[in-house]
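Q: In order, the protein sequence lines correspond to chains A and B.
What the first sequence shows, in the working numbering, is residues 35 to 229, in sequence order.
What the second sequence shows, in the working numbering, is residues 2 to 70, in sequence order.
Read the hints as simulated data drawn from the structure, not as lab findings.
Check each hint, because a few of them may be wrong.
No more than 25 Å apart at the CA atoms, straight line, and that leaves these computed lysine-lysine pairs for DSS-like [stated by the list, open to error]: (1) A:Lys44 / A:Lys114; (2) A:Lys107 / A:Lys119; (3) A:Lys143 / A:Lys44; (4) A:Lys194 / B:Lys6; (5) A:Lys116 / A:Lys44; (6) A:Lys114 / A:Lys43; (7) A:Lys194 / B:Lys12; (8) A:Lys116 / A:Lys143; (9) A:Lys157 / B:Lys52.
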Amino acid sequence: MNEFYDKLKKATVGIAGLGGLGSTVAVALARTAIGNLIIADFDTIEESNLNRQHYFLNQIGEYKTDAMIENLKQINPQVKVKGYKQKLTAGNIPEIFAEVDVIAECFDKAEQKKMLVETVLTKMERVVVVTVSGLAGYGRSNEIVTSRISNRLIVIGDGKSGTDLNLPLTAGRVWLAASHQANAVVEILVDEIIK
Amino acid sequence: MNVLKINGTEKTFDSELPDTLAALLEQLSVNAETVVAEVDGRIIERSGFDKTELHSGQAIELVRFVPGG
Chain A
35 MNEFYDKLKK
45 ATVGIAGLGG
55 LGSTVAVALA
65 RTAIGNLIIA
75 DFDTIEESNL
85 NRQHYFLNQI
95 GEYKTDAMIE
105 NLKQINPQVK
115 VKGYKQKLTA
125 GNIPEIFAEV
135 DVIAECFDKA
145 EQKKMLVETV
155 LTKMERVVVV
165 TVSGLAGYGR
175 SNEIVTSRIS
185 NRLIVIGDGK
195 SGTDLNLPLT
205 AGRVWLAASH
215 QANAVVEILV
225 DEIIK
Chain B
2 MNVLKINGTE
12 KTFDSELPDT
22 LAALLEQLSV
32 NAETVVAEVD
42 GRIIERSGFD
52 KTELHSGQAI
62 ELVRFVPGG
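Input sequences plus hints: build the corresponding full structure.
A: Pasting the structure below:
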C-alpha cells in the first residue's frame, strides 16, 4: 500500500481545461493525494456552470483556475497546485505541462481536443494523454468506456454523443467520463514506470 | 487484396486503396479538423495527412472528437 501512495505523491498530472471534466478530475485527483497538479483554463465561472462543475455560487465571476486552487486547498492542502490562466495552444502546451507524467484533456471544443492530443503525442515524449470524446446526454452509462488506443493515448467516452447533436450536458454523465479519466490516470501512475 | 485495419476492424476495398490518409478520411466522411490519426502506431499530424501514402495491410487508428467537456 505504501508503494501505491508513494507513486502518487511523486507524480505530476496536468489538467487542460477546468469545466465539467477538468474540475471533476481535479477534485478526484486531489482527494486521491496526487502530489502535484498543473491546472489551466482561461475562463471565468458563470452561473450556468454550476449544474456540473465543482465551483460555488460565491465564486461566480472568478477565474476557474483561481477558484479551483482555493477549492483544492479546502479538500487537500498537501497537494501542490500550479495554475495558469491563459488559453492553451500548440505553442505553449509543451512548456506549461513540461513536468507532467500524464495529462488529462478536459476541453469542450472538438478542435481543441484534437489540438491538445496531437501536440502531446508529437511534441512531448513519454507523456501519456487521457482524452474524452462523447459524454453529452443522460442515461446510457455503460456506453462510456475507456480504450487504450496506443502506448500514450487513452480515449474515454462513447465516441458519438456530442453537444453538436443538441444533447444537454448532465452532471452524472459528465462525471462518469471524468471518473474514468481520474481512474485511468491513477492506473498509469501506479502500474507504469514513467521517466 | 486491398485491406486496411481501421480501428481494429479489417476493411476491404473493392477498387484501389485511397492513396493518402487525406483521401481515406474524405472517403469515410471524417472531418480532418477533429480527428487524430495514427498509422501503424505512428501519430500523423494534420499537415501530413495528404503526404501520408497508404499501403495494404496497414493499421490505422482514427480518434474522432465530438464536442462536450
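Q: Evaluate each hint against the coordinates.
A: Against the structure, the hints:
no., hint, in the structure
1, A:Lys44 / A:Lys114, "holds, 11 Å"
2, A:Lys107 / A:Lys119, "holds, 18 Å"
3, A:Lys143 / A:Lys44, "violated, 31 Å"
4, A:Lys194 / B:Lys6, "holds, 21 Å"
5, A:Lys116 / A:Lys44, "holds, 15 Å"
6, A:Lys114 / A:Lys43, "holds, 10 Å"
7, A:Lys194 / B:Lys12, "holds, 21 Å"
8, A:Lys116 / A:Lys143, "holds, 24 Å"
9, A:Lys157 / B:Lys52, "holds, 20 Å"
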